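Protein chains: 2
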Amino acid sequence: MKLSQAETPRLLLDPGKLQRNVERMAARCVALGVILRPHLKTPKSLKVAACILADKSAPITVSTLKEADYFAQGGYRDILYAAAITPNKLAHAGNIQRATGARVLLVCDSVELVRAADSRAREIVAEFEFLIEVDSGEHRSGVQPASQALPGIASALKDAANLSLAGVMTHAGHSYTTDKVDEHAAIAEAERAAAAGSAEALRAAGHDCAIVSAGSTPTVLHAKHMAGVSEARAGVYLFGDLAQVSLNTCNLDDIAISVLATVIGHNKANGSLVIDAGALALSKDIGANRFMPDAKYGYVCDVKTGKHFPGLSVQTVYQEHGMVPVPDESWFARLAIGTQVRVLPNHSCMTCAAYESYDVVRDGEIVEQWPRVNGW
Amino acid sequence: MKLSQAETPRLLLDPGKLQRNVERMAARCVALGVILRPHLKTPKSLKVAACILADKSAPITVSTLKEADYFAQGGYRDILYAAAITPNKLAHAGNIQRATGARVLLVCDSVELVRAADSRAREIVAEFEFLIEVDSGEHRSGVQPASQALPGIASALKDAANLSLAGVMTHAGHSYTTDKVDEHAAIAEAERAAAAGSAEALRAAGHDCAIVSAGSTPTVLHAKHMAGVSEARAGVYLFGDLAQVSLNTCNLDDIAISVLATVIGHNKANGSLVIDAGALALSKDIGANRFMPDAKYGYVCDVKTGKHFPGLSVQTVYQEHGMVPVPDESWFARLAIGTQVRVLPNHSCMTCAAYESYDVVRDGEIVEQWPRVNGW
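Protein sequence lines, in the order shown, are assigned to chains H and R.
Heads up: the first sequence begins at 1 in my numbering, then just goes up one per residue.
Heads up: the second sequence begins at 1 in my numbering, then just goes up one per residue.
Note that these hints are calculated values from the structure, not bench results.
The structure displayed is predicted, hence computed values, not measured ones.
Among the clues, some could well be false.
Identical copies look the same in the list; a pair holds intra-copy or inter-copy alike.
Said to hold, decoys possible - Derived DSSO-like pairs: lysine-lysine, alpha-carbon spacing no greater than 30 Å straight-line: (1) K66 x K2; (2) K47 x K66; (3) K268 x K158; (4) K56 x K2.
Turn these sequences into a full structure, and let the hints steer you where they fit.
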């Protein structure tokens with residue numbers, strides 16, 4: 001189908017840009033000497049995963065058990081569910097392992113959780129491997145790398161009848177708070193040191209620690225080295241977005257997704273175009289605005305070239321309407337009612353979550369639809 | 001299923017509160033002497049619609065053609081698609097009419113659109129009725145009530161081979177910019193006058209104008225009268241949310257939906273609970289914060305009583321994590337890891353859109369699942 005015939009809003013994917021982003025990160029991980037465990041919370045799509053990983057035995061990361069289920073059913077065998085588990089989710093995780101043979105690696109950061117999880121695991125007659133989460137400076141979750149909590153949790157896992165320790169993980173999410181590449185490198189070093197140091201501390205206390213997992217898109221892209229880390233996690237690099245552009249981790253031309261929208265009105269009194277992509281089609285994420293205040297709810301771009309129309313952003317969103325102020329009246333002729341535009345979003349993880357599928361575009365035509373999984 | 005056994009996050013619906021909200025608005029519309037055309041962009045659910053309307057010939061409003069299709073397939077016969085149409089959506093609208101016999105009323109606010117739509121309607125051999133949108137002060141879309149544009153569009157519709165005029169509509173969305181009930185009443189009067197006056201102007205120019213449609217939750221609730229208006233549109237009143245509480249259009253106890261979440265961590269260094277409801281489960285809407293700055297991403301409430309824990313809000317969201325600062329250490333014992341909480345969201349239209357269904361809760365048990373339709 002030609003784009004011009006397509007109803008809007010819809011989510012477009014440029015497979016060439018995706019491929020370039022995939023290759024860039026693959027080359028980074030080879031250079032860093034780490035295995036890539038891509039975070040599939042961004043694409044949530046088997047078709048996208050197949051662009052990253054030739055082999056389904058390769059490790060992956062997910063953010064929900066629904067994703068874990070979907071990718072396990074799709075043939076993936078080594079799945080890290082990268083948020084702390086709770087007892088009421090263990091039966092689901094156990095069912096995925098039983099039904100598919102996949103390993104669903106879980107995360108914990110307290111003895112309290114280990115004990116509750118072991119009790120539940122025994123009830124449902126299931127066994128689970130855990131990574132202990134370490135806080136490398138984001139201060140969201142995880143134990144302090146040097147604290148006594150770390151060997152305490154490892155011992156609790158050793159004492160647990162149905163649980164075992166597989167390693168450590170950390171995520172330096174505070175890499176999103178700076179647009180300076182040298183600061184990304186410094187945060188990457190803190191992330192590396194927290195993960196590698198924690199693994200060493202556990203080994204010194206007599207625990208095995210096969211997996212040492214760390215990463216975020218900015219830190220993996222800008223790390224000087226990842227000595228002592230076995231695997232890198234990153235997700236949003238796949239598609240990029242305005243937030244990543246604002247952090248200097250990609251360029252506008254690297255953004256592989258966009259929202260196809262149509263001009264549905266000209267508000268000449270206000271000097272604005274009205275488009276049919278609003279809060280649901282774009283999301284209300286404005287993360288790019290910290291370092292790129294003209295990003296607003298998204299850059300408005302030419303549908304054919306994908307180039308940003310200078311000065312055009314979605315300034316205001318309603319549920320299904322977006323308002324795009326224009327610098328002068330000439331834009332009303334240039335972007336007549338019915339004209340399509342593309343919008344580059346702030347945050348691809350949030351924007352994509354509103355859509356059931358990606359429309360894969362080659363040469364101005366939608367050539368395939370790639371489904372994705374949403375919800376929980 | 002007992003709530004305590006349910007995986008989280010999930011979207012809970014209290015049918016008793018929904019029913020109370022439905023009855024309140026029904027009584028308002030009776031008192032105002034207008035027909036209610038509920039905006040189903042909030043619930044997007046046939047089961048919820050059945051709680052509002054006893055009779056499927058009653059008029060409804062939708063925000064996407066996917067909703068129009070869903071409700072037409074579900075038996076509704078008079079459906080207003082309340083955003084300006086574009087030619088690339090007309091085939092879809094025509095197919096809905098043809099397949100179901102429902103009327104899909106469309107909206108326009110320019111001669112340019114009328115001409116393009118008529119050309120397309122003739123190509124696809126379909127006929128459509130239109131409402132002309134009037135701007136009653138929101139300045140999003142619509143023509144000025146007193147302007148020459150209004151009869152101009154009506155004449156273009158008269159000249160169009162396959163289109164006809166069914167009436168006028170307006171939405172005073174700027175009622176969301178004040179929490180003063182008397183200002184809501186003043187905006188309601190501006191909305192009423194714009195709609196009724198536009199209808200009178202069209203009739204004076206010789207046009208039929210059967211439908212005179214106006215409304216938003218704050219204006220319909222606080223209008224003194226709606227003389228000259230035939231029907232009221234409102235949607236978010238069905239569920240309420242923190243934004244509506246902040247606008248003084250409902251109370252906390254009226255909010256019919258909540259997100260069930262689980263405490264997955266205790267960040268004692270930061271004095272925060274970590275819950276498994278983040279940006280996707282709650283949305284990034286923070287609309288309530290303008291008049292209720294402690295709303296943050298949502299009020300954290302007791303799972304059983306539904307009462308707000310004083311001082312507890314979701315302060316920060318990540319994709320699947322929410323951070324809830326606690327006033328003192330005692331909360332870590334009170335809300336142990338694994339404990340469930342409910343979160344009252346900022347904006348129910350946005351939050352519900354992340355879920356495929358509502359879990360209907362009676363007496364602490366999920367007794368039914370009501371599906372909803374998302375996307376485009």
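Right, here's what the structure says about each hint:
| no. | hint | verdict |
| --- | --- | --- |
| 1 | K66 x K2 | between (33 Å within a copy, 20 Å between copies) |
| 2 | K47 x K66 | both (16 Å within a copy, 25 Å between copies) |
| 3 | K268 x K158 | between (69 Å within a copy, 24 Å between copies) |
| 4 | K56 x K2 | neither (33 Å within a copy, 37 Å between copies) |
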